[in-house]
Amino acid sequence: MPSSTKSSFYLPSVNITPYLQDPDSSEAQKVIDDIRTACRSTGFFQLLGHGIPRTLQQSVFDAGKRFFALPTDVKLGMDCRRNVGFRGYDAMASQSYESGVLPDLKEGFMMGTDMSENDFRVINRRFFMGPNVWPPESLLKKEDFRQPLETYFEAMMKLCWTVMDLVAATLPYGPNIFDEWKANDPACPFRLLHYPPTPEPVEGQKRQLGSSAHTDFGAITLLLQDEHAGLEIQDRETGEWIPVPPKEDAYVINMGDMISRITDGHYKSSIHRVINRNSNDRYSIVFFFDGNIDYKLRRLDSKVQSEDEALTVEEHMEERRNTTYGLKKK
1 MPSSTKSSFY
11 LPSVNITPYL
21 QDPDSSEAQK
31 VIDDIRTACR
41 STGFFQLLGH
51 GIPRTLQQSV
61 FDAGKRFFAL
71 PTDVKLGMDC
81 RRNVGFRGYD
91 AMASQSYESG
101 VLPDLKEGFM
111 MGTDMSENDF
121 RVINRRFFMG
131 PNVWPPESLL
141 KKEDFRQPLE
151 TYFEAMMKLC
161 WTVMDLVAAT
171 LPYGPNIFDE
181 WKANDPACPF
191 RLLHYPPTPE
201 PVEGQKRQLG
211 SSAHTDFGAI
221 TLLLQDEHAG
231 LEIQDRETGE
241 WIPVPPKEDA
251 YVINMGDMIS
261 RITDGHYKSS
271 IHRVINRNSN
281 DRYSIVFFFD
291 GNIDYKLRRL
301 DSKVQSEDEA
311 LTVEEHMEER
321 RNTTYGLKKK
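Per full-length UniProt numbering, residue 1 is the first one in the sequence shown, and the count goes up by one each step.
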């Protein structure tokens with residue numbers, strides 16, 4: 001039964017072309033205003049006019065399908081939990097964001113900024129600092145996997161900076177407020193995800209989900225869905241789950257826990273989940289901005305929290321990641 005509680009749920013589609021053409025125009029201001037309203041309501045919006053070629057997006061979807069079709073033992077040989085910098089394969093049912101539920105029915109592949117094994121941050125096992133890990137070229141040629149992923153990663157870094165600049169423009173702290181956060185080889189995990197069809201729930205048990213209910217840990221997320229639905233956002237006022245239908249060429253952008261933290265909760269990091277109710281497999285491509293691992297997550301209003309009390313990005317992410325991968329054992 002629908003809730004009688006009035007909702008201010010807002011999930012706009014925002015074409016950022018006017019902002020890219022002239023960030024000082026009245027049309028660009030409308031873009032900024034729409035994003036501000038979305039950040040204060042759900043923290044989610046769909047982004048269009050981004051300039052990422054559809055052919056490049058499709059090449060990454062195709063690459064992901066090739067990877068996930070590899071033999072399980074090959075993929076497990078690239079287990080990200082055994083690799084420096086958490087790069088490589090994220091095994092099926094290795095995560096859960098909630099206690100008391102079955103592990104998430106998904107598998108993934110993770111990469112980021114490729115770093116030398118001799119980099120002092122890699123040697124010291126800093127968060128998400130490491131070399132990328134690739135399947136053998138005898139099984140997956142470079143032009144069929146590594147090359148499209150690296151090209152896409154570079155394009156997404158540029159788009160991520162644009163989105164961070166847009167978020168900065170919605171705030172009263174000036175255009176350079178996030179410069180330190182974006183510095184020093186920021187942690188930007190990039191994931192390919194594969195969701196098999198979710199089985200029907202067993203009577204008396206919770207349904208196994210593709211991705212159990214959670215908020216994103218980082219700053220912002222840029223998600224590209226395939227044609228199969230599955231993403232749902234929980235309306236924080238009514239408790240209802242609202243589907244986010246796939247929109248061709250659109251990125252689903254959402255604010256994570258870090259943005260919510262530094263804005264003192266004014267910008268929302270909303271709970272969401274994935275249930276693949278389709279009979280077909282579902283694929284998505286996700287780019288996370290976590291940022292400079294030494295950046296202090298202090299409130300943007302410095303009166304709220306002192307510098308000494310603020311966690312760093314690395315401290316925050318290590319804590320959240322350890323919890324996520326630990327819950328699957330419960």
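Hints in this document: simulated from the structure, not taken from any laboratory.
Positions of the beta carbon are idealized from the N, C-alpha and C atoms, including for glycine.
Treat the hints with caution; some may be incorrect.
Claimed, not checked - Derived BS3-like pairs (lysine-lysine); straight-line CA-CA distance at most 27 Å:
1) Lys296 / Lys268
2) Lys65 / Lys158
3) Lys247 / Lys30
4) Lys158 / Lys142
5) Lys65 / Lys142
6) Lys247 / Lys141
7) Lys182 / Lys296
8) Lys142 / Lys75
9) Lys30 / Lys142
10) Lys182 / Lys65
11) Lys268 / Lys30
12) Lys65 / Lys30
13) Lys141 / Lys30
14) Lys182 / Lys268
15) Lys65 / Lys75
16) Lys247 / Lys268
17) Lys158 / Lys268
18) Lys142 / Lys296
19) Lys247 / Lys158
20) Lys75 / Lys182
Claimed, not checked - Just the calculated beta-carbon pair ranges, DEER-fashion:
21) Ser25 / Arg82: 21 to 31 Å
22) Ile123 / Tyr10: 37 to 47 Å
23) Val122 / Ala310: 20 to 30 Å
Here is how each hint holds up against the structure:
1. Between lysine 296 and lysine 268 the CA atoms are separated by roughly 19 Å; this keeps the pair inside 27 Å, and the hint holds.
2. Proposed proximity of lysine 65 and lysine 158 is supported: the alpha carbons are some 25 Å apart, at most 27 Å.
3. About 21 Å separates the Cα atoms of lysine 247 and lysine 30, which keeps this hinted pair within 27 Å; it holds.
4. Of the supplied pair hints, the one linking lysine 158 and lysine 142 holds, its CA atoms being roughly 23 Å apart against a limit of 27 Å.
5. At most 27 Å may separate the alpha-carbon atoms for a hinted pair to count; lysine 65 and lysine 142 meet this at roughly 15 Å.
6. As the CA atoms of lysine 247 and lysine 141 are separated by approximately 30 Å, the hinted pair breaks the 27 Å bound.
7. For a cut-off of 27 Å, the pair hint linking lysine 182 to lysine 296 stands: about 12 Å separates their Cα positions.
8. Between lysine 142 and lysine 75, the direct Cα distance comes to roughly 16 Å. Compliance with the 27 Å bound is thereby established for this hinted pair.
9. Restraint check for lysine 30 and lysine 142: the C-alpha separation of about 43 Å exceeds 27 Å, so the hint is violated.
10. A distance of roughly 31 Å separates the Cα atoms of lysine 182 and lysine 65; the hinted pair therefore is violated under the 27 Å criterion.
11. Simply put, lysine 268 and lysine 30 have alpha-carbon atoms about 20 Å apart, close enough for the 27 Å limit, and the pair holds.
12. Of the pairs offered as hints, the one joining lysine 65 and lysine 30 is violated, with about 38 Å between alpha carbons and a cut-off of 27 Å exceeded.
13. With a CA separation close to 45 Å, the supplied pair lysine 141 and lysine 30 exceeds the 27 Å bound.
14. For the hint pairing lysine 182 with lysine 268, the CA-to-CA distance comes to about 21 Å; that is within 27 Å, so the pair holds.
15. Proposed proximity of lysine 65 and lysine 75 is supported: the alpha carbons are some 13 Å apart, at most 27 Å.
16. For the suggested pair lysine 247 and lysine 268, the alpha carbons sit about 22 Å apart, so the restraint of at most 27 Å is met.
17. Our distance criterion of 27 Å between C-alpha atoms is met by lysine 158 and lysine 268, whose separation comes to about 24 Å.
18. A hinted pair counts as satisfied when its Cα atoms are at most 27 Å apart, and lysine 142 with lysine 296 does not qualify at roughly 38 Å.
19. At most 27 Å may separate the alpha-carbon atoms for a hinted pair to count; lysine 247 and lysine 158 meet this at roughly 21 Å.
20. With a C-alpha separation of about 32 Å, the suggested pairing of lysine 75 with lysine 182 is violated against the 27 Å cut-off.
21. Checked against the hint of 21 to 31 Å, the C-beta distance between serine 25 and arginine 82 comes to roughly 50 Å, which is inconsistent with it.
22. At roughly 46 Å, the beta-carbon separation of isoleucine 123 and tyrosine 10 lies within the given 37 to 47 Å, and the hint holds.
23. In this structure the hint that valine 122 and alanine 310 lie 20 to 30 Å apart at CB holds, the actual value being about 25 Å.
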